[in-house]
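> Chains as they are written, first to last, in full-length UniProt numbering: chain V, 1 to 66; chain F, 1 to 271.
Take the hints with a grain of salt, since some may be wrong.
[Claimed, not checked] 16 Å max Cα-Cα, derived EDC-like pairs, lysine to aspartate or glutamate:
{"#": "1", "chain 1": "V", "residue 1": "LYS31", "chain 2": "F", "residue 2": "ASP67"}
{"#": "2", "chain 1": "V", "residue 1": "LYS31", "chain 2": "F", "residue 2": "GLU106"}
{"#": "3", "chain 1": "F", "residue 1": "LYS136", "chain 2": "F", "residue 2": "GLU161"}
{"#": "4", "chain 1": "V", "residue 1": "LYS31", "chain 2": "F", "residue 2": "ASP75"}
{"#": "5", "chain 1": "F", "residue 1": "LYS158", "chain 2": "F", "residue 2": "ASP127"}
It should be emphasised that the hints constitute simulated quantities derived from the structure, not laboratory data.
Keep in mind the model is a prediction, meaning the values are calculated, not measured.
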Amino acid sequence: MRLLLNGEDRQFDGVASIADLVAALGLDARKVAVERNLEIAPRSLYADTALADGDRIEIVTFIGGG
Amino acid sequence: MNAHVSPESAAPAAEAEETWTVAGRTFRSRLIVGTGKYKDYATNAAAARAAGAEIVTVAVRRVNLTDPNQPLLVDYVKPSEFTYLPNTAGCFTGEDAVRTLRLAREAGGWDLVKLEVLSDPKTLYPDMEETLRSLKLLVSDGFQVMVYCSDDPVYARKLEEAGAVAIMPLGAPIGSGLGIQNRVNLRIIVENAGVPVLVDAGVGTASDAAIGMELGCDAILMNTAIAEAKDPIRMAKAMKHAVIAGREAYLAGRMQKRLYADPSSPLGGLI
Chain V
1 MRLLLNGEDR QFDGVASIAD LVAALGLDAR KVAVERNLEI APRSLYADTA
51 LADGDRIEIV TFIGGG
Chain F
1 MNAHVSPESA APAAEAEETW TVAGRTFRSR LIVGTGKYKD YATNAAAARA
51 AGAEIVTVAV RRVNLTDPNQ PLLVDYVKPS EFTYLPNTAG CFTGEDAVRT
101 LRLAREAGGW DLVKLEVLSD PKTLYPDMEE TLRSLKLLVS DGFQVMVYCS
151 DDPVYARKLE EAGAVAIMPL GAPIGSGLGI QNRVNLRIIV ENAGVPVLVD
201 AGVGTASDAA IGMELGCDAI LMNTAIAEAK DPIRMAKAMK HAVIAGREAY
251 LAGRMQKRLY ADPSSPLGGL I
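Make the full structure from the sequences, and use the hints.
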């Protein structure tokens, strides 16, 4: 499946849901937030949020700022 | 001058605990610190503790996908220890601000946020027209919005009318360390506001923070003044004391200024 992940074209295999993607990337789901096609993906629904070819995914976290 | 009172009568009354409240949340510390520009997150956390801060501002950015094991802010400046105030730094439109803060809300569940919509990169001055429009979008989306703004009393009033939970005028441009440039405007904003007023940006050293508090501001928000000090942890401590000193001086009520001297030692009874 092809995803536009944080602005980059990426290819993933065996990734069906946002939960799969977060795990495949080695991220801690408790420390990030995910947007799918400009819609917030609620953390409680990561396992149930299916991904589709061409989805635009943003994964963010908190960093230092003023 | 010395009235006949007992030596003990002027002892200070037991001090009621000094707090301030924004959007229904009550805090003891009147110093909010940023988390940008530190050499590492450990120093950042130590400085925030030395400042006695209860609230820290944070930014929302894409995760590092090439190295998911990079240190994360949340592991050092912990949300269990500090109230996170997510900002909209880097947003130039209301839509960007809403999108960013929705992600912040999902990442941590916070609805108390800092709105900043900047204009040109040289001054980082707030774009007030877009800031006001963004505020309205955020308020209708359920956010409690503390608003970084210019020191314009008219816009300050408009922001409050649009539902801002705090007005945060700059003392000087972000990161400039120039100190409070327009005390008159700041005081006018304080006198007319029904919500907390914070100096956000421009503080360079402890006396700048004290001046802001002496003008009657409810709190001070700073980042660079601490992060870029040679010893950030010591400066954080200095800022903590400055904010307390300024607040106490404001509450105490300063003496009147006079053009000429007024002797402190009585002239009567000279030998």
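> Please go over all the hints and tell whether each is borne out by the structure.
Status of each hint after checking the structure:
1. LYS31/V x ASP67/F: Roughly 15 Å separates the two Cα atoms, so the pair holds.
2. LYS31/V x GLU106/F: With a Cα-Cα distance of about 10 Å, the restraint between LYS31/V and GLU106/F holds, given a limit of 16 Å.
3. LYS136/F x GLU161/F: Within the cut-off at roughly 10 Å; holds.
4. LYS31/V x ASP75/F: With Cα atoms ~9 Å apart, LYS31/V and ASP75/F stay inside 16 Å; holds.
5. LYS158/F x ASP127/F: 14 Å, holds
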